Amino acid sequence: MAFFKLAKTITKSLFGKPATLMYPVKPGKQYKITKGHVVNDIEKCIFCASCQRVCPTQAICVNKNDRSWEIDRLRCCTCNACVEICPVKCLTMDTKYTAPMTTRTKDMMKSSKPVPAKPAAKAGETKEENTDD
Amino acid sequence: MPKQIIIPFGPQHPVLPEPIHLDLVLEDEKVVEAIPSIGYIHRGLEKLVEKRDYNQYIYIAERICGICSFIHGLSYAQAVEGLMDIEVPERAVYLRTIGSEYSRLHSHLLWLGCFADSMGFESLFMNTWRIREHILNRMEESLGGRVIQGTCKVGGVRRDIDGETLDKMISELAGVEKDIKEVTATFLKDSSIRHRTKKVGILTKKEAFDMGAAGPTMRGSGVEKDTRMIGYAAYGKIDFAPITASGGDCYARCEVRVKELHQSIDIIRQCIKKIPEGPIEVKVKANPTGEYISRVEQPRGEAIHYVRGNGTKNLERFRVRTPTFANIPPLVKMLGGCDLADVPVIVLSIDPCISCTER
Numbered sequence: 001m002a003f004f005k006l007a008k009t010i011t012k013s014l015f016g017k018p019a020t021l022m023y024p025v026k027p028g029k030q031y032k033i034t035k036g037h038v039v040n041d042i043e044k045c046i047f048c049a050s051c052q053r054v055c056p057t058q059a060i061c062v063n064k065n066d067r068s069w070e071i072d073r074l075r076c077c078t079c080n081a082c083v084e085i086c087p088v089k090c091l092t093m094d095t096k097y098t099a100p101m102t103t104r105t106k107d108m109m110k111s112s113k114p115v116p117a118k119p120a121a122k123a124g125e126t127k128e129e130n131t132d133d
Numbered sequence: 001m002p003k004q005i006i007i008p009f010g011p012q013h014p015v016l017p018e019p020i021h022l023d024l025v026l027e028d029e030k031v032v033e034a035i036p037s038i039g040y041i042h043r044g045l046e047k048l049v050e051k052r053d054y055n056q057y058i059y060i061a062e063r064i065c066g067i068c069s070f071i072h073g074l075s076y077a078q079a080v081e082g083l084m085d086i087e088v089p090e091r092a093v094y095l096r097t098i099g100s101e102y103s104r105l106h107s108h109l110l111w112l113g114c115f116a117d118s119m120g121f122e123s124l125f126m127n128t129w130r131i132r133e134h135i136l137n138r139m140e141e142s143l144g145g146r147v148i149q150g151t152c153k154v155g156g157v158r159r160d161i162d163g164e165t166l167d168k169m170i171s172e173l174a175g176v177e178k179d180i181k182e183v184t185a186t187f188l189k190d191s192s193i194r195h196r197t198k199k200v201g202i203l204t205k206k207e208a209f210d211m212g213a214a215g216p217t218m219r220g221s222g223v224e225k226d227t228r229m230i231g232y233a234a235y236g237k238i239d240f241a242p243i244t245a246s247g248g249d250c251y252a253r254c255e256v257r258v259k260e261l262h263q264s265i266d267i268i269r270q271c272i273k274k275i276p277e278g279p280i281e282v283k284v285k286a287n288p289t290g291e292y293i294s295r296v297e298q299p300r301g302e303a304i305h306y307v308r309g310n311g312t313k314n315l316e317r318f319r320v321r322t323p324t325f326a327n328i329p330p331l332v333k334m335l336g337g338c339d340l341a342d343v344p345v346i347v348l349s350i351d352p353c354i355s356c357t358e359r
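Protein sequences appear in the order of chains A and B. Heads up: the first sequence is residues 1 to 133, going by the working numbering. Heads up: the second sequence is residues 1 to 359, going by the working numbering.
So here's chain B without its partners, still in its complex pose (with noise of 0.2 Å):
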């Protein structure tokens, strides 16, 4: 039996965005077990509700994460809207899901360049992020940020989008679709990407569905799950399905977020055309009493908000369920067997935010 050694990955490694510390015990090149460990970069936001009132508290909810922020944001409206039983005017649930599709968009390009990167494809990196900078200013100009936007409150948005912004938005949006499709053919075509990428960290369908994987994750293993389907916001108007790969390897968790990137595109565009006039928030009176749990769907997977009121404008308790810790043990199950150099692209496969997980 050839002798076992332990080699420390992370938490500061040029290919991880965020701090997770995984031990990797090796038999020659290939990984035998993969013990993750996380606690880098915790801040004690859940505990922080307690010291800011319901309405200030959304703005440390949207940062608990630095790229799906405004997702984040929604989910604790949507929350506390719950605990209120406050109904949202509909151009305001329109904003939302417009906010969040282009927060979808915005994640899974950069996703995309940083799995470029993970495997040394630079040039490619730089290319994607490119077109995500048309992303970040259409974001700027209409939510008022380019990560952390502050659009939405409990009660409805913030700021409208005016129809000149919505017209501008489509435009670029057919521009921005043109340069998607040509990145992506590379990433789904190359011959040295799919060499990287074909076969490795593969997750069958039943282990997704038994360990609890969220998101892309899930989906690229065939499981044909997606919360946006509950009908959130305004997902119930509008027309589309979960996309699901079947290989359950990283190219096809590449698969469904490059075909994701355009079905965003879409419900962008279903949305400017259905989105109907009218006030865009409602006056919130009152504390919130009682508990509610608000289900979300990130760029990463399904995120659950829980929050419960005792009747002071300080919430008792909120709890976060974010997308990467459902994920971390169907990464240590494709960890297993792997070779030492797949360990980067497998790790970023399921789009770790160690932030989130955290909080």
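Next comes chain A alone, as it looks inside the complex (with noise of 0.2 Å):
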């Protein structure tokens, strides 16, 4: 019986599919859930940091007025609370993951629209950033 039962397995290991992928030469199985990366479409962001209020791990730094916003990676835990929080949805996941890094650099963007020379009077965004701890 215990010969049977070892042939059956041998023979399933030699003509079925390996179970590991060939990372990085093939992609890593994606869902549509998957967490990636963090992608900000700059043009929509308003840079009221609520993403930097909400970040656990305090990798997004939001600077309302040179109109840039920057993400260190390797901080970045993937768990979606900027995502869920913001405002006007220019926070996405992507579901593909990012190349490994050989340095620690971060990724910044700039918005293209110019600095607003007074600040808007909106009561949203005359707030001050939250810089507790």
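Because the hints were derived from the structure by calculation, they are not lab data. The reader is advised that the hints may include incorrect statements.
[As the list claims (entries may be wrong)] Only pairs whose alpha carbons sit at most 20 Å apart, straight line, appear in this in silico EDC-like list of lysine to aspartate or glutamate:
#  : chain 1 : residue 1 : chain 2 : residue 2
1  : B       : K3        : B       : E33
2  : A       : K5        : B       : D85
3  : A       : K12       : B       : E182
4  : B       : K283      : A       : D107
5  : A       : K12       : B       : D167
6  : A       : K29       : A       : D94
7  : B       : K259      : B       : E172
8  : A       : K32       : B       : E172
9  : A       : K96       : B       : E291
10 : A       : K32       : B       : D162
11 : A       : K5        : B       : D179
12 : A       : K12       : B       : D339
13 : A       : K26       : B       : E133
14 : A       : K26       : B       : E140
15 : B       : K313      : B       : D28
16 : A       : K26       : B       : E33
17 : A       : K29       : B       : E140
18 : A       : K17       : B       : E87
19 : A       : K32       : A       : E43
20 : A       : K8        : B       : E140
21 : A       : K8        : B       : D162
22 : B       : K313      : B       : D85
23 : B       : K51       : B       : E316
24 : A       : K12       : B       : E87
25 : A       : K32       : B       : E50
26 : A       : K17       : B       : E172
27 : B       : K237      : B       : D28
28 : A       : K5        : B       : E122
29 : B       : K178      : B       : E87
30 : B       : K198      : B       : E87
31 : B       : K333      : B       : D28
32 : A       : K12       : B       : D162
33 : B       : K168      : B       : E133
34 : B       : K51       : B       : E291
35 : A       : K29       : B       : D210
36 : A       : K96       : B       : E141
37 : B       : K285      : B       : E140
38 : A       : K29       : B       : D190
39 : A       : K17       : B       : E133
As the structure is a computational prediction, the values presented were derived from the model and not from experiment.
Reassemble the complex: the two chains are provided individually, in unrelated frames, and hints are given to aid placement.
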């Protein structure tokens, strides 16, 4: 009996598909909700810094004055909290993982729209950035 | 009297998934005494609760452990919900139960693989982990991550599972169950495995109870206790009973885990059958005050999360008692009098998770 079981396992292993993927030659399996990396559509961004406040790893840094948005990919734990809180839905979660990196760098994005001369007087935008901890 | 020598075992050892150090006092090949020491992987996660708000902290609570991450998240969410008197919607409760049981399946399959590896049975290790891959893929598709899911939140769950995926889960589990039966038959019937595990590392029922062992280590000694029986999440509405074995040895602990695999599949099926439609979360406002203890059954045993709030967005105190911490005194007891060659098998038989223990 044991012999037949062994033969079955060996046959399965020899003629079946490999259980592992040749990553990174073949890309990893991705599903609709796979959390790869955070993408910002910077032209839609209103620089409200909600993402910066909600980030548990403090990976995001928003600068309203020069309209820039910065993320440290090595700190980001792709928890999706920023994507969920974003009021204009400019943040999305891409299903692809970022490429490995050899040095610690930050991804910086700058809006091509000019910096407004006077800060907008809307209630939502006059709030000062939260700098707790 | 033979000369005593001390052999250091760990923190870096091929058989150990995580760093624990044991000083083994030997007389010839027999272990006379084992002196454990931990402290190689402390990360200060409990202190961090003062620096992150209670909603953010759930991501950190999940990262206490890399294997039972879902259940740590669930336990923390339960504790904060208890503080704030939040009633979680019924559908969310069922989704949490499904997530917990998937987590248990993947943890037990991982353990079975490591256990086979600890006695040098490498092909069995590979075959067990091949089954685990199906579970991990389904977790990624439905819960959002292979190991760290980020599904639970204070007030419910973050994402719903649609009917199509639930049906897919059921059909896939039938195949997984067949594969599990095939692989686990080797664990329970193979003569070489029985030789390595039977009557090795015996913990009697009284010792298990007195030393406060947890999870399969306790149930393998015949103590009939399972925290899921208190009915947290949707367990109160599911039909199941704690699984025990009477041997108290490594084989009995393996047997309990093998049977729990089938039990978990059964619980997932019952949950999918009974899951109601409805909302998956409630809005959470205000800050937590008071204190609360949440108890859950992890794959390794009972975990306790204690939280204390002071009316601000940061919790004042967060404390975790993990099952491996409870299982270290029984482990020391089991190691006394065993052969040196059996030490890896006995250490692995409690499923040590040192990251949890030290946080």
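In rising order, the numbers of the hints this structure does not comply with: 2, 4, 5, 9, 12, 15, 16, 18, 19, 20, 21, 24, 25, 27, 29, 30, 32, 35, 37 and 38
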